[in-house]
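A.B. asks: Next come the chains, spelled out residue by residue.
Protein chains: 2
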Amino acid sequence: MITTRRMLLDTAGALLERQGYHATGVNQILSVSGLQRGSLYHHFPGGKEELAVAAILDRARRSERFIERHLGAVGDPADAVQALVEALADRVAHDADGASPPFAAVTLEAGPGLERLRDACRHAYTGIRACFEAKLVASAHEPARAASLAAVITAAIDGAFVLCRVDGDASPLRQVAKELAVLLRRPPPGGATAARAAPVGTDV
Amino acid sequence: MITTRRMLLDTAGALLERQGYHATGVNQILSVSGLQRGSLYHHFPGGKEELAVAAILDRARRSERFIERHLGAVGDPADAVQALVEALADRVAHDADGASPPFAAVTLEAGPGLERLRDACRHAYTGIRACFEAKLVASAHEPARAASLAAVITAAIDGAFVLCRVDGDASPLRQVAKELAVLLRRPPPGGATAARAAPVGTDV
DNA sequence: GTCTATAATAAGATAGAC
DNA sequence: GTCTATCTTATTATAGAC
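Protein chains in written order, with the working numbering: chain A, 25 to 228; chain B, 25 to 228.
One should not assume that every hint holds.
Heads up, the list lumps identical chains together, so a pair's fine if it works in one copy or across two of them.
Claimed, not checked - 25 angstroms max Cα-Cα, derived DMTMM-like pairs, lysine to aspartate or glutamate:
{"id": "1", "residue 1": "72", "residue 2": "193"}
{"id": "2", "residue 1": "202", "residue 2": "103"}
{"id": "3", "residue 1": "202", "residue 2": "166"}
Simulated from the structure, these hints should not be mistaken for laboratory data. Predicted model, so just to flag it, every value in this text is computed and none were measured.
Please model the entire structure based on the sequences and the hints provided.
C.D. replies: Structure, rendered in structure tokens:
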């Protein structure tokens, strides 16, 4: 059974992800979901912000599960991250309008007066980075390096979603998938940097 | 002389960057700038959206110049990008509230009805990626790889700004600066064996 | 070019019947 | 739990004096 509360969380979550907080009106949430004002304020007495906080936290949990599932399916972290980002690109290619970083817009809009919303976004981003970090540590990466790589993975995916939006195309996510795999691939023991030793013509 | 038009562009640009389009009201632009409604609608008869478009395009030009200046100051592209992102991190550390990707929030908010705003954002992101791409091509990177790397650099910086916002700290940008340098020093996937200096094997 | 009063609309939230 | 009428406030935009 699909509860009213679930309907509100899903509708609000999708709109917040795509448009951000201020561009998403209570009226729009109601018209899209087909629900009535009374239901919203019954389930979320705190109104729009309380619903937004709950929707963000709900989507954060789902995002973490999605990431963990994909990372758990492939052993090598470089391959796993590449497959995960390719899956996101496929999703964007299939539904170009849904090309959105889940929390970026709301995070940037959550200024003074929306502290609880900002806390929810912080929680979301912390959890997502932790997923990548755990995978990297489990693959014998040094903890500090794992944290650094997790931040870059999270950031690059978010930014790629934005580029997908402006391009109307999934290519940026595919480019990020490929390059993150390059970054995560451990250099051969001998140190492959030797070949790169002579960048002729690059000095000014 | 600081013209009224310039004051409007700077004020609106800063607020749009920090808060996005819908969270930034005309009233706020006026109160922060100390100007009056009449001035705004005189210089921008199209109202809020016309001002926003002009402010975005103005900031896009400035961003490109900032990037070109930093990339031009250092020969090696890995070092140059690292220095650029470190400079952004310093800026964030100095003014933590100013931790914002310049165009991400507005891009994500620019849905149906704000097509001109979206076009301005597309123009901004295209120009920024082109700056990195040009630097990489000039450093003997294969064009397709340069485009891919430029997208990743742009995306990672944008995403790092968002993480800086939620963390209240410049660390994500510093992590991205370090890891992008690692990525840019890494030989391409195909396995650039010896002498990356001669772009052998770049033909398909 | 600039200022202010006002219009027109949309926003989020509430009250009370059912 | 759900629905609808209504309140309050904030929004963008315009008109017309200066």
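A.B. asks: Take the hints in turn and mark each one as holding or not.
C.D. replies: Here is what the structure says about each hint:
Proximity of residue 72 to residue 193 under the C-alpha cut-off of 25 angstroms is found in neither arrangement, the shortest distances being 32 angstroms within a copy and 28 angstroms between copies. With identical chains, the CA atoms of residue 202 and residue 103 are at most 25 angstroms apart both within one copy (9 angstroms) and between copies (22 angstroms). In this assembly of identical chains, residue 202 and residue 166 lie within 25 angstroms of each other by CA distance both inside one copy and across copies; the values are 23 angstroms within and 15 angstroms between.
When each numbered hint is compared with the structure, a violation occurs for hint 1 only.
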